[in-house]
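In order, the protein sequences belong to chains R, L and H. The working numbering applies: residue 786 is where the first sequence begins, and numbers increase by one. The working numbering applies: residue 12 is where the second sequence begins, and numbers increase by one. The working numbering applies: residue 4 is where the third sequence begins, and numbers increase by one.
Fair warning: there could be bad hints in the mix.
No farther apart than 25 Å at their CA atoms in a straight line, the calculated lysine-lysine pairs in the BS3-like style are these [to be verified]:
#1 H/31 / R/949
#2 H/197 / R/946
#3 H/5 / R/949
For the record, the hints were derived by calculation from the structure and aren't laboratory data.
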Amino acid sequence: MTKTTDPVALREWTVIGRDADILPGTTMRTRLLGQAIACTRDIDGTLHAQETDAYDAPAATVSVRERYGHVWATFSDTPRPMIEIPEFDDPARRRLLWGGVMVRTCPQRLIENFLDMGHFAYVHTDLLGSEPHTEIETYKVETRHDVAEIWATECRVYQPKASKAAAEGRDVEYIYRTSGPFVVVLYKTAEQPGTFDNMGMLVQPMDEEHCRVFGYTLLLEQDSPLVDALHFQQTIFLQDRLILEQQMPRKIPLHDTSEIPTRADAAAMAYRRWLREVGMQFGIQPKVIKPEAVAT
Amino acid sequence: MTTSVSASMPTAIGLSSAIETNQVIAAICGGTEYAVWRDSRGALHANQNRCPHRGMRLSFGFVRDDRLNCLYHGWSYDSGGQCRHIPAHPALTPPRTVCLQTFPVREQHGTIWLATETAAGDASQAAAPSPLDHLVLPAGLQATPVRSLYVMASLASVRRTMEEWTPQGHASGNTASASTAFKREALGTDAGTVILRDDALPPQGVLFALQDVGDGRTGIHLAALWSGPAPADHLLALSRQLRALGLALQQQATAEQAA
Amino acid sequence: MKLYDYELSGSCYKVRLLLSMLGLPYEKVAIDYYPGREHRRPAFLQINPLGQLPALKDGDLVLRDAQAILLYVAAQYDSSNQWFPKDPATQGRIAMWLAFAGGELMALSAARLHEMLMGYEHIDIAQAQRDGHRALQLIDEHLAEAEMTGQLWMAAAHPTIADIACFPYAALSHDGGVERSAYHHVNRWLRRFKQLPGFIVMPGVPAYG
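Chain R on its own, in the form it takes in the complex (with noise of 0.2 Å):
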């Protein structure tokens, strides 16, 4: 596999680990949008980085970045602008990195089960939805190209378990926020009405079809432990990691018809619109031209 050409992904920053996951004096090897490169910490706590070839030895300089307890990587000399998150700064809220999850599957599909909610009641069972809480209400989309975002609001959904924190059920208030295609942003009420958590799910796509996951939960709360947030947000994940898994093909059909949105998929459906519209490829499958539309 070698590194996409696609402009639309090059120009992104893109996270790829944990600042914990580069410790200084050490060299971490991965692979980003088909290529593969080392980033090294000096002991000094300095960060760079290299394209490397199929010997493992290093070629062209790769920018690199730490913003968000995460270190960012950019195969562009003009990268977009990356998202900005000021609750991340907020010391009224505690922080929790969820550490990197692999997937095979490409990153659009992550995008789009994370900005789901029509999954709750049958993959988070009596966690984030159960039956008959099932209907999805309508919900306000919009999508903002200056900044390549996209917002959902007014997303209502009964959650018997919102957190992990939660004693009961409650009614619970989603804004979805996606940054390129790359990152998504999810503000939901917490224990305190009227107060907001926040988590973001960053994706490093590694290949097409091969994507690592981290993310990041701003709690208000603080009596609970962290290690059991984690351990909530691993479990949410991980249930979703088995869908994801066998939804085929890998790669997003959108330039066909194979695949049937409902209301409920307003979101995905912007993502998708703002996907043709900027006209991205890596992780889309290939347009087909179709034999007869062949001169013979």
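Guided by the hints, dock chains L and H onto chain R, whose structure is given.
Coordinates of chains L and H only, in the frame set by chain R:
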């Protein structure tokens, strides 16, 4: 020109015991996946193994109220492949376009047969021809499922091995008499089904059906023929012989690869 | 009773299953296995010097190894004597399958760790998947032959800790890229197991289906 697989000739995909009431399994024929399920009355149905919503494998779903339900969002399909319920929109009648391909599937002689050509509406079991249709078992003989075995060997290679292989007869331990007692009858075409049948040594016989899974893998489905339900020790003996056959096939496949 | 536990661990799930099926109360001590690697830090190494989960503390007794914990909990608390019956032949068969569950079947655990988490790149995934298939094939044959005499469970006519020990990694095989369409008897046994009173799920084992 004979095509290597007759599209209208069904393939064996398992023994009757492979699918319980209200269970769905995945069956793979020639690299294509199917979701095969039994409803509450025991009737078999077969569909494409992909929900048209988001491409989820239906073999991971659940059978409830005589419908096949997708594990991802609970979309519910009837035996004709029509979607009848979308839980996210309970009041909505799903459009007719939300439907699954259906395939004829039936049971015969303890084995499940799947036709890989689509059918319209509710696949009629009677419409699917089967390689066993012309096989007339001696009166009173019935089939008891033994076991299925999947091997990393091509269907052609399995057929070749089975042409020389004979299971031991139960009554006698005599190899010679067992091998002459077997009458081979290959039904179906080249790469299709092969059935070996012994009715010269009553009251027993064996029925093999082969499944071309694809990617160099073959399924072997073995049923015992007996004048009633076959006794446990006979089934066990046949199962042990199937294991020996599997080992022989494995060795053959390794030898062929090395060659 | 204290169970040192990780929600995503199939081995811990073995113990959680038996405790649930026996209706036994216990305290769950959540260990940050990933990404925290808490199981390798000094405090937990005092509990289990092998640095593995699960571990159980019941009064002064401290046990490691899921199979050993299953045996103790069943012997100590199961008044019905169903989960670990007293007759030697059944105990022998159970021990055989417990060893398998902690041995050959763990190829499925290795495949799962390699496919899911960082830090397991040293595992030979192709070998682990081949070994995992072989282990499932073995269980499939065993169950097929047991069913011929009317026995629906691994070591006896009723469920025992042999079934509990083998269930998790068989059920989680997809996590490691090992699919089960060839193992008809395994799939029916998994379904049968999920119907048992006190059955609980874990991520990777769906509530439906």
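Tell me if the straight-line CA distance from residue 5 of chain H to residue 949 of chain R falls inside 25 Å. Since the Cα atoms of residue 5 of chain H and residue 949 of chain R sit roughly 20 Å apart, the hinted pair holds (cutoff 25 Å).
Decide if the proposed pair is consistent with the structure: residue 31 of chain H and residue 949 of chain R, CA atoms, cutoff 25 Å inclusive. holds (14 Å)
Check the hint pairing residue 197 of chain H with residue 946 of chain R against an upper bound of 25 Å on the C-alpha distance. holds (23 Å)
When the structure is compared with the earlier hints, no violation turns up for any of them.
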